[in-house]
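Trainee: Sequence:
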Amino acid sequence: MAKTPEYPIVVIPELVKDKKQFTPLVFPSGQGDAPIGASEELFENVLKHYFGEIVSPQQMMFPSGHQLPFTADFLMVEPNTGLHIDLEVDEPISFATGKPTHCIGEDDYRNKCFVDANWLVIRFAEEQVSSQPERCARFIAGAIAQLTGNDTYRQKLLHVEKVTPMRQWSARQVSKLKKSDYRQGYLGQRRN
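Counting in the numbering used here, the sequence shown runs from 777 upward without gaps.
Honestly, the hints are just simulated from the structure, not real lab data.
Small disclaimer: the values here were computed from a predicted structure and weren't measured.
C-beta atoms are modelled at their ideal positions from N, C-alpha and C, and glycine is treated no differently.
Watch out, some of these pointers could steer you wrong.
What the hints assert, rightly or not - Here are the simulated DSBU-like cross-link-like pairs (lysine-lysine), alpha carbons at most 30 Å apart as the crow flies:
| hint | residue 1 | residue 2 |
| --- | --- | --- |
| 1 | Lys952 | Lys932 |
| 2 | Lys793 | Lys932 |
| 3 | Lys796 | Lys875 |
| 4 | Lys938 | Lys888 |
| 5 | Lys824 | Lys952 |
| 6 | Lys875 | Lys795 |
| 7 | Lys796 | Lys888 |
| 8 | Lys938 | Lys952 |
Stated by the list, open to error - Derived CB-CB ranges, DEER-like:
| hint | residue 1 | residue 2 | range |
| --- | --- | --- | --- |
| 9 | Lys952 | Asp809 | 15 to 23 Å |
| 10 | Gly874 | Pro781 | 33 to 41 Å |
| 11 | Gly828 | Tyr885 | 26 to 34 Å |
| 12 | Gln931 | Asp809 | 14 to 22 Å |
| 13 | Lys952 | Thr928 | 23 to 31 Å |
| 14 | Pro781 | Gln922 | 16 to 24 Å |
| 15 | His842 | Gln931 | 37 to 45 Å |
| 16 | Lys888 | Ala810 | 14 to 22 Å |
| 17 | Leu801 | Asn856 | 16 to 24 Å |
| 18 | Arg948 | Glu790 | 30 to 38 Å |
| 19 | Lys952 | Ser840 | 36 to 44 Å |
| 20 | Gln931 | Ser870 | 31 to 39 Å |
| 21 | Gly806 | Glu937 | 14 to 22 Å |
Construct the complete structure from the given sequences, taking the supplied hints into account.
Mentor: Structure follows, in structure tokens:
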């Protein structure tokens, strides 16, 4: 039986993994208008505090052969190498539709489009971003240091604990979570 994926989920392009090329094959094409998630404003503040101007919310990327763009919740561009990082905040239940979202396997094609464009993909569960925003920032800084050698951001976050992993959910699990108002519960708690 396959192991349930755990957040943070990281998908690394081969060119980046092999340290052959960090710049994207497809560059961002402007700011999108996708709905902003409930915890994204808080997370944006934390990201900008630790990473500054390398963070941009809601950036579109047109994959080759597509009519419509994908919009990254956050784009980070590592300044020394040009590595583009698609940061995603996955909520289990859509406030707009009330239906399960970001279930196991649901974002695989989307992730592939970003990775094929040579963007690193890091996905967090919304609960992690809501309750552990600095820990998520530490994770990102560690990924940047490991892949590019840029240790600047990691040094700023050494005092922060590691992010607590979380299992990704199935549609069936989300139905149970919805009945218990699970999402509203963790969105009401904002701690580090």
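Trainee: Against this structure, judge whether each hint is valid.
Mentor: Verification of the hints:
1. Lys952 x Lys932: Distance ~39 Å between Lys952 and Lys932 Cα, so the pair is violated.
2. Lys793 x Lys932: The hint holds at about 24 Å.
3. Lys796 x Lys875: Given that 30 Å is the threshold and the Cα spacing comes to 41 Å, the pair is violated.
4. Lys938 x Lys888: holds, 27 Å
5. Lys824 x Lys952: violated, 35 Å
6. Lys875 x Lys795: violated, 40 Å
7. Lys796 x Lys888: holds, 19 Å
8. Lys938 x Lys952: Roughly 28 Å between the alpha carbons, so the hint for Lys938 and Lys952 holds.
9. Lys952 x Asp809: 15 to 23 Å: violated, 32 Å
10. Gly874 x Pro781: 33 to 41 Å: violated, 24 Å
11. Gly828 x Tyr885: 26 to 34 Å: holds, 32 Å
12. Gln931 x Asp809: 14 to 22 Å: Roughly 36 Å apart at Cβ, these two residues miss the hinted range, so it is violated.
13. Lys952 x Thr928: 23 to 31 Å: violated, 42 Å
14. Pro781 x Gln922: 16 to 24 Å: Given a distance of about 20 Å, which is inside 16 to 24 Å, the answer is holds.
15. His842 x Gln931: 37 to 45 Å: holds, 38 Å
16. Lys888 x Ala810: 14 to 22 Å: Cβ of Lys888 to Cβ of Ala810: about 19 Å, so the range 14 to 22 Å holds.
17. Leu801 x Asn856: 16 to 24 Å: Holds, since Leu801 and Asn856 (Cβ atoms, about 19 Å apart) stay within the stated range.
18. Arg948 x Glu790: 30 to 38 Å: Between Arg948 and Glu790, where Cβ atoms are some 34 Å apart, the hint holds.
19. Lys952 x Ser840: 36 to 44 Å: With a Cβ separation near 39 Å, Lys952 and Ser840 satisfy 36 to 44 Å, so the hint holds.
20. Gln931 x Ser870: 31 to 39 Å: The hint (31 to 39 Å, Cβ to Cβ) holds, given that Gln931 and Ser870 are roughly 38 Å apart.
21. Gly806 x Glu937: 14 to 22 Å: Hint violated: Cβ distance 36 Å, outside 14 to 22 Å.
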